[in-house]
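Chains as they are written, first to last, in our numbering: chain U, 3 to 258; chain F, 4 to 295.
Keep in mind that the hints were calculated from the coordinates and are not lab data. The structure presented is a predicted model; accordingly, all values stated were derived computationally and were not measured. Even glycine gets a Cβ: it sits at the ideal position worked out from N, Cα and C. A couple of the hints might just be wrong.
[As the list claims (entries may be wrong)] Partial selection, computed: residues in chain U whose CB lies under 8 angstroms from chain F: (1) Asn104; (2) Asn108; (3) Glu116; (4) Gln118; (5) Val128; (6) Arg132.
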Amino acid sequence: MINKRLKKELNKIEVPMYDISKYEETIIKAKKVKLHPERLRMSNIEFFYDQLRFIKKQTWVLKTFSSVLILFLIFTEQMEVSNWIWTLVAIAGPVLCLINANEICNIFQPGMLEIQMTAKNSFGRVLIVRFITFGLIDLVFFTVMAVGISIYKETAIWQVILYGIVPYVIMCFGCMLILNRCREQNISLYTETWGVCLCCVIMIAKITDMRIYQTAYFSIWLCIGIIALIGTIIEVRKLFIRTGGNLNAINYGTSL
Amino acid sequence: MQLIMEHLSKQFKNKIAVRQIDAVLSEGIYGFLGANGAGKTTLLQMICGIIEPTSGEVKVNGENNIQMGERFRDMLGYLPQEFGYTPGFTAKDFMLYIASIKGLEPKYAKRKTSELLRLVNLEKETNSKIRTFSGGMKRRLGIAQALLNDPKILILDEPTAGLDPKERAYFRNIISEMSKDKIIIISTHIVSDIEYISDQVLVMKKGDFILQGTPEELLDKVKGEVWSCRIPHKKWAGFESRYCVVNSHVLANDVDARIVSLEAPIDGAVNVEPTLEDLYLKCFSDEMEAGE
Chain U
3 MINKRLKKEL NKIEVPMYDI SKYEETIIKA KKVKLHPERL RMSNIEFFYD QLRFIKKQTW
63 VLKTFSSVLI LFLIFTEQME VSNWIWTLVA IAGPVLCLIN ANEICNIFQP GMLEIQMTAK
123 NSFGRVLIVR FITFGLIDLV FFTVMAVGIS IYKETAIWQV ILYGIVPYVI MCFGCMLILN
183 RCREQNISLY TETWGVCLCC VIMIAKITDM RIYQTAYFSI WLCIGIIALI GTIIEVRKLF
243 IRTGGNLNAI NYGTSL
Chain F
4 MQLIMEHLSK QFKNKIAVRQ IDAVLSEGIY GFLGANGAGK TTLLQMICGI IEPTSGEVKV
64 NGENNIQMGE RFRDMLGYLP QEFGYTPGFT AKDFMLYIAS IKGLEPKYAK RKTSELLRLV
124 NLEKETNSKI RTFSGGMKRR LGIAQALLND PKILILDEPT AGLDPKERAY FRNIISEMSK
184 DKIIIISTHI VSDIEYISDQ VLVMKKGDFI LQGTPEELLD KVKGEVWSCR IPHKKWAGFE
244 SRYCVVNSHV LANDVDARIV SLEAPIDGAV NVEPTLEDLY LKCFSDEMEA GE
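Bound conformation, chain U alone (with noise of 0.2 angstroms):
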C-alpha cells in the first residue's frame, strides 16, 4: 500500500532530460570550487603581473615624469641637431636606468635578501619581472625617441639608437657591478652616484666642446657600447647566480 502511494507520488515528479552540457557545465563548475587555496600556487603569468603592484608608485610617477619631460626638452627645442639634443639623448638613458636601479635595491635590504631567496618564486625571478617591466618601458622610450628624433630633426635613427642606448647600457652596467660587489645597505646611495657621475660626465663632454657626437667616433661609441653589454650580461648572470642560493659566502646577520 504504501511502496504504491510512493510510486504515485514520485511519478508526479517531473524527471529532466538527461543534458550532457548540464554534466559537463557541472564538472567545470566543480573544478573552480577552491577547496584548499593555501595550497594553491600562482603561475608564472600571474606571479608577474601580481609582482608589479609591488613596484611603489613614485617610480612610475618620476619614469612617467622623466621620460616625458625629456621628450618635450627634445622635441620642443628649437637648438640645431649639433647643439643639446645629443647631450639629452645621452642623458636620458642613465636617468631612466638609475630610477630603475634605485626600485631593484629597495628589494636588495640587508636580511630581506634571505627570505627571498628561500622563497617559492626565487629571487632571480623577482629581478626578472622588474628587469622585463623596466626594459620594455625604456625601450619603447627610445623607440618613441629615435622615430620622433629622426623624422622631426632629420637624423639618422641609427644615431639616436647609438646616442641614447650606449650610455643606458654603461649606466647598467656600473648599476650591476655595485650590486654584485657592494653591501646591500650601500647599494643604492653607490647607484646613485654612479648615475650622477655619468650624467655630469656627459655635461662635461659637452660644455667643453668635446665633440664626441661626431661621426669619427662612432666607432669608439659602438665599441664602448658593446663593452658595456657584454659586461652587463656577465653582470646579470653573477646576479642571478649570487640570488638564486647556495651562496659560497654569507651577506649579512651571520655569526661569523
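Since the structure of chain U is already known, use the hints to place chain F on it.
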C-alpha cells in the same frame, strides 16, 4: 617527513663554521642551542639552501634540498637572524609581498595576512610603516611572514630576540600549537625559549652537536651536579674562577649561589633540580672563561 643532514660541513677560508654534522629530524620542535659563533646560523642557512655546504648535503625525504628547488622552498618558512624590509612598506604591504614571492594566490594571501597579523598582535598596525615599529614588533612581523605558506619546515633563527617576556611566552605557545605535522627548528642561545616546547634539544659548540636528546635526557646529564649554597663573602672570591656559577645573589653576610659542580662546593650545599640553563652553562663555561 624527514629532514636529514649528512656529513654537513661549511668552511669559510681557514675557519670551519660547521663540521661534519649528521642528524635526522622528523616532525616536532627542535631547539638548536649554542653560544654566539657556534655555527647555528650557518647550519640553518645550509638547511634553507641559502649557502652551499663545503661537503655533505641536506635531504628531505631522501631528496637533496637544492635539487628539489621550488618544491623544497615551497615547504619552507624562514626567519633570518637579521630581518630586513623594503623602505616605505607597511606591515600589510610586506606580508603581501612575501606572500607573492611565496606564490600564494592574492585573495588567499590577503586573508592569511590579516589572520597572521592578528595572531602576532599586529592587527592594529596593519597599515603602519615598518620603520616606525619597535624591535619586538619587527620580530613578530618576521615570525608572521615565515608562517604565510603554512610551511612544513619552519626555521626560526633567534626568533625571540627583542621580544619582552610576555611576547616570548606568547610566541612559545604559538609555536607549540602549530607543531603538528611540521619540522620546527628554533635556533637560540636563550634556553627558556626552547626548554618547555622542544621535543629535542641539540646543543651546538664550535660547529658540532655536542649533545642531543629530549630536555629530560639532557637534564639527566647534570642530575646531582647542581647545588644551591650560601658562601661567606671571604670565600666567594675564588669560587667564580673555580666553579661554574649559574646565579649569584649578594646578601648582607654571604652570597646565595647556584653552582654546577660534580661535588658539593661547600659544606651545607643542597643538591637541587637541574635546568637546561645549568647544562648550557656547564657546556659553555670554558668559552666564557676564555672570553674573560
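* To do: Could you tell me which of the numbered hints above are not met by this structure, giving the numbers in increasing order?
  => 1, 6
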